[in-house]
Every structure is written in C-alpha cells, then in structure tokens.
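Starting from the structure of chain R, add chain A where the hints point.
Protein chains in written order, with my numbering: chain R, 1 to 314; chain A, 1 to 314.
Warning: the hint list may mix true and false statements.
Note that the list lumps identical chains together, so a pair holds whenever it fits in one copy or between two copies.
To be verified - Restricting the straight-line Cα-Cα distance to at most 25 Å, the calculated cross-link-like pairs of lysine to aspartate or glutamate (DMTMM-like) are: (1) Lys171 to Asp83; (2) Lys171 to Asp86; (3) Lys281 to Asp211; (4) Lys171 to Asp115; (5) Lys171 to Asp97; (6) Lys171 to Glu121; (7) Lys152 to Asp193; (8) Lys152 to Asp201; (9) Lys152 to Asp41; (10) Lys281 to Asp146; (11) Lys281 to Glu260; (12) Lys152 to Glu122; (13) Lys281 to Glu122; (14) Lys152 to Asp83; (15) Lys171 to Glu38; (16) Lys171 to Asp193; (17) Lys281 to Asp86; (18) Lys152 to Glu194; (19) Lys152 to Asp197.
No lab work stands behind these hints: they were computed from the structure. Predicted model, so just to flag it, every value in this text is computed and none were measured.
Protein chains: 2
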Amino acid sequence: MRLATLNNGTPDGRLVIVAPDGGHSANASVQTLQQAIEQWDMVAPQLAATAVFPDMIDPAAVAAPLPRAWQWLDGSAFPAHGDLMDAVLGITKPKTDVPLMYQGMSDTFLSPLADARFPSEELGIDFEGEFGVIVDAVPMGTSAADAMGHIKLIVQINDWSLRTLAGPEMKTGFGWVQAKPVCGMAPFAVTPDELGDNWRDGRVCLDLLVDWNGQRFGAANGAPMAFGFHELVAHAARTRDLVAGTVIGSGTVSNANFREIGSSCVAERRGIEVVDLGEPKTAFMAFGDDVRMEAVDGAGHAPFGVLHQRVVRA
Amino acid sequence: MRLATLNNGTPDGRLVIVAPDGGHSANASVQTLQQAIEQWDMVAPQLAATAVFPDMIDPAAVAAPLPRAWQWLDGSAFPAHGDLMDAVLGITKPKTDVPLMYQGMSDTFLSPLADARFPSEELGIDFEGEFGVIVDAVPMGTSAADAMGHIKLIVQINDWSLRTLAGPEMKTGFGWVQAKPVCGMAPFAVTPDELGDNWRDGRVCLDLLVDWNGQRFGAANGAPMAFGFHELVAHAARTRDLVAGTVIGSGTVSNANFREIGSSCVAERRGIEVVDLGEPKTAFMAFGDDVRMEAVDGAGHAPFGVLHQRVVRA
Chain R
1 MRLATLNNGT PDGRLVIVAP DGGHSANASV QTLQQAIEQW DMVAPQLAAT
51 AVFPDMIDPA AVAAPLPRAW QWLDGSAFPA HGDLMDAVLG ITKPKTDVPL
101 MYQGMSDTFL SPLADARFPS EELGIDFEGE FGVIVDAVPM GTSAADAMGH
151 IKLIVQINDW SLRTLAGPEM KTGFGWVQAK PVCGMAPFAV TPDELGDNWR
201 DGRVCLDLLV DWNGQRFGAA NGAPMAFGFH ELVAHAARTR DLVAGTVIGS
251 GTVSNANFRE IGSSCVAERR GIEVVDLGEP KTAFMAFGDD VRMEAVDGAG
301 HAPFGVLHQR VVRA
Chain A
1 MRLATLNNGT PDGRLVIVAP DGGHSANASV QTLQQAIEQW DMVAPQLAAT
51 AVFPDMIDPA AVAAPLPRAW QWLDGSAFPA HGDLMDAVLG ITKPKTDVPL
101 MYQGMSDTFL SPLADARFPS EELGIDFEGE FGVIVDAVPM GTSAADAMGH
151 IKLIVQINDW SLRTLAGPEM KTGFGWVQAK PVCGMAPFAV TPDELGDNWR
201 DGRVCLDLLV DWNGQRFGAA NGAPMAFGFH ELVAHAARTR DLVAGTVIGS
251 GTVSNANFRE IGSSCVAERR GIEVVDLGEP KTAFMAFGDD VRMEAVDGAG
301 HAPFGVLHQR VVRA
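Isolated chain R (complex conformation) (with noise of 0.2 Å):
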C-alpha cells in the first residue's frame, strides 16, 4: 500500500491511497497521516481495502506524506559514511556498539518538489539522501525485535544540512540546530510488504539515485546499514515512549564502494577528495541548484516516487 497526502490549505493535508501507477489516488478513509498511525491496525485495512483510483494526482499539490511529525530522530547507521565523515570534520568519536542519532526539527518536512530556502550560500548547502521509518506508539523499552512490529511505513527523505555549521555545533556536544533545516520527503509513504525481498533485515534494499543538476551524483544501496531500522527505533525508545507518528532516519545512504558509485550528500564526496587529493574539489550546492533522488529496485520502478527540490535564497 501506498500512501500520499495533498495540499489542501491545513498543516497537515489530505491523505489519499495511490494506484500502483502511482499516478492515481482515493480519498482515505482518515484526513491524515497522523490520523492513520494513531490508530494504525484499525484503520490499515480499511486503507488497504479502497480499490478506486479515480483522480488524477497533481505533482504540484503533492505534500510530504507526513508534511509534520511530532518527532524526528535521525540516525547514522552506514558506516562507510560516518566514518569518512570523522575523519573529515576532525572529531574523533568514541567507538560504541549503540546507534548515532540526533533529534532534529520535526514541525514541518518540505513537499517533495518544493523549494529549500536558506539564507546563505557560505553555509555549505549539501543535501542528504536517506530512507526513513515511521511507527506506530512505541513503548518506553521495546526491544528491537518487537520495535519491527511498530514499523509501519517507510519513507525517503532529503536531510538538508549546512555544513559550514555542523562541524562547530558538534564540537559543542549539543548536536544541530542551525546545521539542520527543514527536510524534504519524497511524495509515497509505503507499507514494508511493498518493498517484497527489498525490505530484509530491517533495512531498504533499494539504490538510491540521487541526481545533481541532472547529472548522477550517487547510486548507493540501503543495505549496508551497522544497525537496521528496529535497532534504530529501540534505541530511541530506551528511555522515552515514542509517539505514533514518530520519524527514524537511516543517515545518508552510503556504500563502502563510494569512488565507484557516488555519494548521497556533497560532504562524503569532499571527504573522499580530501582522502585522496589532499583538499576538496567539489563545491557545495550554489543557489538555483537541483537536487534529484529516487530509490529503485532492480526492475526501475521507485516505491517512493520522485523528490525534486531547488536551492533558493531565503
């Protein structure tokens, strides 16, 4: 099943079950998405169960599925990435055997052909492309192995980040604040079953193409992710209840080949420049920049459809 919500002038839109040509939608059976994950196994099979797709979906009123969540929790789990990324920023983290993750702003995530506003170029403008999960309530101590239970749709997010910003502010301990704007969502949240065998392990299986001004950046595949996505969520349920609604981010997808087939953000690939040549090459996103990212299995086709976003000044 797939699930998208439109803009109809409310904060949080209007949900709407999506036609495997994912160019049809139905009215849901809840206004919202919020709605839907508060009381997810009651309300999972009526969705399921609307077969009519009689309108055609405008591209431009298209919302993030979740356009606002009461919680935001982003992880770092590939480790190609983080790594690289350490190394670059000069921190030098303790190793542990638990998940990185951040609490990041949750009031709003951009429609996925919106424009993303910022107030200067100097900031080091990057994109990241990752996949996220979005539960149901979780309660305070849930093991990872009941947390995949709690996991009822999957999403694919673009975690605009100003890099200029992030290396000060984690040197602080605090984490981001200022180094992480809104995040854009790609227009379909998906159930697991969706996915079939791309969805293993607690993870998204799928490549995730990420096009730079129409030229390829990045092809890396979920997979490789140190923790799955129920890991993820235990860990952010050690010592809080999670609200239904709640959004786990992957990281930036990352593949240990990355001088092969690319990166999800700007900063791995300037890390792999100052690796290999001493300093970085690659300039970071100028205002008029695009940015495209698409998850696909093996067969082209792309669960989550097309985010498409535009750098622009503030």
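Okay, now just chain A, sitting in the frame of chain R:
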C-alpha cells in the same frame, strides 16, 4: 494574564484563563494553547477580556500549559553552570559567541504533578529547573531585537536528565537523545507583563526554589543569563522558520554563588563536590524521590505555580 490547560481526555487538553488567585479558571475562547499561539495577536485580547472565574481548579486535572509542542529547543545560557559541567564531563568546548542549544523531544510535556518514569536508577536520574518561552511564528533570520516581540508566553520547566548517558552522547557530537527524556512543565504559562519588572532584557528575574525530598536544594535567580531569551530565539531562527508554539528553554538556572544558594540540578551540586572535594558525594535520584520547583518574586508570589514530580520505575 495566566493560562493553564486542563486534562479533558484529548492530547492538547482544554485551555483556561486563570484567576489572580490561581485557584479558579474560566474556559478560554479557543480550545487549546496551540490554537491560541497560532493566532495570538487576535486571540490574546479576547483571552485577556475573560473576567469571570467560576470554576475551582482541581490540581490533579492540570496538564502542562502546552501538553505537546511542535518544537522544543533548549539553551544552556547560564555560564556558571556550563563552565562547571564542562569541567566535570571532561568536555572541552570551543569558546564561541553564540548560544549553546539542543533540540529535545517535544511530543509530550508532563503535567506539573505527574510521576516521571525511568527504566533504571543506574542512569543517573536528575532534574533541571529552568525557564522557557513560547513564541508565535518567527520567520527565519529574525533579529534578536525583533525576536523579543515574538515571545508571547513564559513557562517554568523541569528538564529531566539521565546523567550516565549524557557524557557519552555529548562525545558523539550528535547531542542528547536517550539522556533527555520527557520534560515536565509548571501549571501556568504567563504573558511577560505578568512578571512586571521581573521580566528584564529577556530574562526571568525570579528565584527558582528547588526542593528535593522536602529539603531546599537551590534558589538560583534567572537573571544572570549570558544570552536573553530574545537572543536564544534569534539563534534558533537563523536557518529555519520557527512554528508558532515553539518552546525555547534557558537551560538549568544557575548563579555564580551556587555554593551559597544551591543548584537547580544534582549534577551541578556533584560538580561542585568534584571541584571542592575531589569526588562527587551527592547521589542522583532514587525511585520514590520527589522534586518540587516554584519560582517566586520578592513578595513570595509564584506566577507559574508549583511543579512537584516523583520519580518512579517505568
């Protein structure tokens, strides 16, 4: 004007106007504080004109004035506390001229008399008494001077902290997730004018009386913040629009003469012991312990009411 929220079985509760005696209230013209703050300039005069106070408040029915918020950003604006904690945690932070701030969980604020649930005493259970402000919508890039006008309400917060987890999470650079579980909030949100001369330069110049198991533990004043709340709001809004209802915190209230007047958290007391005695003597909280917090002016008036929470096993 003082506002409170009464539990009515909904997540956002029922907004009421509180009489000067603090014991009576009348229903507000909008249902929730979130609705009020989203259209504050129109709603506030209606709320202020509500002059009838027919109903006794049942303290057990009082929720946090904002039982959940779209965003909670907590500063650390008291240098007496920050400098001490850095030394104790072994963190060397670069000296900067910008405030310290992290993003915390905002999907729930506990009621002023609610038990606080934690999985284990081994996690270093601690309270943090602080002040916070609630803003209306603040556009990205708003200056500190302009931010002052966006501060519509002031609140008193207990930022529960798990100290055993705090140091390791800081060292990752990602900030706190597990170390910062759900906060509590004192009963009343007040407009700045309600504090009179005790709202000065964006600071809440009241003594925060903190009692642990019935013993006075701290009485620090909110005045000596290195940054006023208007500056914290501007910092938060540098690269993002702040949605109406965003809560911005001061961090633990702390004064340089903490050896005389005490502290607003156990960690600070332990830090003083480390400095003075070579090791911490005061244990963190145990299950069954309680903490009471009440900010008072020179005449003993407590504009935010009393927060009184007990620590229990989750």
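Homomeric proximity label, Lys152 with Asp41: Cα distance no greater than 25 Å: Within. Shortest intra-copy distance 9 Å satisfies the 25 Å Cα cut-off; inter-copy 40 Å does not.
Can you tell me if Lys152 and Glu194 fall within 25 Å by alpha carbon in one copy, between copies, both or neither? within (11 Å within a copy, 46 Å between copies)
If the cut is 25 Å between Cα atoms, do Lys152 and Asp197 qualify within a copy, between copies, both or neither? within (16 Å within a copy, 51 Å between copies)
Can you give me the call for Lys171 and Glu121, within, between, both or neither, at a CA distance of at most 25 Å? within (22 Å within a copy, 29 Å between copies)
Is it within a copy, between copies, both, or neither that the alpha carbon of Lys152 lies no farther than 25 Å from that of Asp83? neither (30 Å within a copy, 44 Å between copies)
I want to check one pair: Lys171 and Asp193. Are their C-alpha atoms no more than 25 Å apart within a copy, between two copies, both, or neither? So Lys171 and Asp193 fail the 25 Å test inside a copy (41 Å) and across (38 Å) alike.
Same-copy or cross-copy closeness of Lys171 to Glu38 [CA-CA at most 25 Å]: neither (37 Å within a copy, 35 Å between copies)
State whether the alpha carbon distance between Lys171 and Asp86 is at most 25 Å within one copy, between copies, both, or neither. Classified as both; 12 Å inside a copy, 12 Å across copies.
When Cα atoms must be at most 25 Å apart, do Lys171 and Asp83 count as within-copy, between-copy, both, or neither? Result: close both inside a copy and across copies, 16 Å intra and 15 Å inter.
At 25 Å max between alpha carbons, let me know whether Lys281 reaches Asp211 within a copy, between copies, both or neither. within (18 Å within a copy, 57 Å between copies)
As a check of your reading, is Lys281 near Glu260 (CA-CA no more than 25 Å) within one copy, between copies, both or neither? within (17 Å within a copy, 56 Å between copies)
Give the relationship of Lys171 and Asp97 under a CA distance limit of 25 Å: within one copy only, between copies only, both, or neither. Classified as both; 21 Å inside a copy, 14 Å across copies.
Figure legend: structure checked against the earlier numbered hints; hints not met, in rising order: 4, 10, 12, 14, 15, 16.
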